[in-house]
Amino acid sequence: MVIFDECKKAIVRGDIEKAEELANQSLADKLNLNTVVDAFSDAIRHVGNLFDEGEYFLPELMRSAEAMKAAMAILTPHLSSSEVETRSLGTVVIGTIEGDIHDIGKTLVAAMLTAEGFEVHDLGADVPVTTFIEKALEVNAQLICISALLTTTMVGQKKLINQLVKQNIRDRFKVLLGGAPVSKNWVAEIGADGTAENAISAVKLAKELMEH
Amino acid sequence: MKPAIRPTIKILEKELKKKVVNEAMEILAEIGFFAENKEAIALLQKNGLEVDSKSKRAKIPIDVTKKALKSVPSSITLFDRDGNQAAILEGDNICFDPGSAALRVLDTESNEIREAYTKDFVEFTKVVEQLEHIHAQSTAIICSDVPEEVSDMYRLLICLLFSKKPVITGTFKKESFAKMKDMLVTIRGSEKKLREKPLAIFDACPSPPLKWSDLTCQSIIDAAKYGIPSEFISMPMTGANAPVTILGAIVQHAAETLAGVVITQLVSPSAPVIWGGSPAVFDMRKGTTPMGSIDTMMLDIGYTEIGKYLNIPTHAYLGMSDAKILDMQAGFETGMGALLAGIKGVNMISGAGMIDFETTQSIQKVVIDNEICGMTYKFIEGITQRDEPIAKDLLNLFDEKTTHLLAHDHTLKWFRKEQYIPSTIVDRGTKEEWITNGRKSIGDRAKERAEKLIKKYPGLSLENDVIKELASNFKFADFDIKKITDI
Ligand code: B12
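Read top to bottom, the protein sequences are chains A and B.
97 is the number that the working numbering gives to position 97 of the first sequence; each next residue is one higher, with no gaps.
Add 1000 to a position in the second sequence, counting from 1, and you land on the number used in the working numbering.
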């Protein structure tokens, strides 16, 4: 159908208004929503490929991700919860740890995870340990992603893990760490589940962990 | 003899500079900035400024900004540990210091980037202490063998122990300021003497866009109280948390920096501050903040011109690279940045030794960069007319018997002044010689020079009781000052 091609085009072009319009139109026309979501998802994957190939740059990728998000915000309430669940790659709580306001890296990771199909709850920067845990419990997250760019605030990542252990809920979450000072040693030392150097490997890692 | 003109470079028209400053002041008046610090908010309110207590947005009327600009000193003199004058930050003077707060080092044996330890930073400091063209230290390396909680102040301890040069430093958490200030007071003898003879500069970053975080607000307020110079490190990242246009980022830089000027001048009129920064274009492929990008350099030169236009001492992170090894990229990015900064007359030029987006220090590279700094100093001396006539009399000497000037008085008199004489790390030999000497790269030669300098280091010169007092600020388990001083 022509509308599916248009959906793809809207995402690839990063046309937010058009993506919303098409989402609304497919609701009005009572189209098979699964097919509509497939079209949008195909498109965002294509955008990912364009980025990998160096054809697209970050602004284009981010814009397409926003268009995708806008369309999905309209469609999701009309999907059955089982459909939403099978489509979602997982639920993620992400933020920059307390005392630290470096947030661009975290935002990129959140955007890429969203674009790939994770349900992402971005708590922003300077986030206390308790807020991370409360939110993760509330949304029943599988992944907790903590960004820290300072050696002093990195300690907060450790606190979070210790707190999970203390509350006896460490097994319920995979904990990913990121930011310039984080090393594989640190991940091992504090017993986290992994780290990645950039947003693309972060997504890869998140996907791998969800498969286990 | 006619003095040389100082080579210069211009990137913004005067009218445009005026426009940038006006728009930055308008931004502070109309949009305001976010002050995430209680003391700062109270201070602003006390001075009649409008602060929204919920959003923490503070608006600064243009006349308040203008008044603050009137009290900012246009010159800062730094003194070394012994109290001797070390650098005057004003006009087009320049001073180099190593890039600061590296999380890692480039290992000289394996050429791999790895975590850093106390020994790395001690050796680095010993080497920088002896480099001729780098006149300030910075708390350059984070030591992973001490608890993360003290990582900021531990760096200052090492610098003060092993070096006399003034230090560029900064806090990573609020509580550290008082202790770091105390350490400086220990050296100077009193707060008054520290105020008279600044020994350290504290870097403090506003958070783009238009925010002063709790931590860095506190740092500039505290520093202003004690007359310690603050270096504002505004770092808009173009297209990410700042407009993508270079000029747009320069306006944002000016607004964030002016907010810092206002806060400090309200704390204490004539508190010393530096118009600094570490902005970067945001790499749209990799999502990184390249310091060696030509666009970043243009942005740096641009905001420096604004600082000069306002007659405030300037600073930039220029003369560093994003390479991961000591390759051509490391060389060309550093060389271009340092020379541009020198010609522009950026008063404090930070970056020597640094690679990989401000995250990694290299002891070899700081030795190499010292040459670049030396060459930059030489370049900005310009070309002096030493003789009248300039060359005629000398050329008149050539005949069948006189075929060269190598042993001539004139050559002997001037060659050391006319030529920049590099250390042996710069290869000026022939190919044969290079092969005979083992085909060494500049990295190899720099490693050798670093090793020599470490051996040549004259030893600690602080009194034992001063060392003891400095050490008393550190209480973590297995802290042993002797383990450090023995390195
Ligand atoms: C930009 C920047 C800032 C900006 C941040 C703006 C913002 N809104 O984010 C500002 C100016 C505010 C800032 C402030 C400070 N900074 Co700063 N900053 C940087 C800089 C240059 C780049 C960071 C960045 O944004 N990179 C680009 C992004 C896209 O990359 P990224 O953050 O690394 O994220 C990627 C990966 O790490 C990964 N990732 C990130 N998070 C996560 C999470 C998970 C779960 C996973 C899997 C992956 C992942 O994917 C991301 C996308 O590719 C770094 C140096 C560096 N290269 O890291 C210094 C740096 C981190 N800062 C440093 C310092 C010291 C400070 C200050 C303390 C300075 C001061 N005294 O004022 C303040 C601290 C303020 C505070 N309370 O937090 C030091 C840290 C040293 C240390 N030992 O801790 C560094 C290393 C620079 C240096 N050498 O001095 N800074």
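These are computed hints drawn from the structure, not numbers from a lab.
Hints are supplied without guarantee of correctness; some may be wrong.
To be verified - Simulated crosslink set (BS3-like; lysine-lysine; CA at most 25 Å straight-line):
#1 A:K69 <-> B:K1286
#2 A:K184 <-> B:K1119
#3 B:K1456 <-> A:K135
#4 A:K184 <-> A:K158
#5 B:K1456 <-> B:K1440
#6 A:K204 <-> B:K1286
Comparing the hints with the structure gives:
no. : hint                : result
1   : A:K69 <-> B:K1286   : holds (22 Å)
2   : A:K184 <-> B:K1119  : holds (22 Å)
3   : B:K1456 <-> A:K135  : violated (57 Å)
4   : A:K184 <-> A:K158   : holds (14 Å)
5   : B:K1456 <-> B:K1440 : holds (22 Å)
6   : A:K204 <-> B:K1286  : holds (16 Å)
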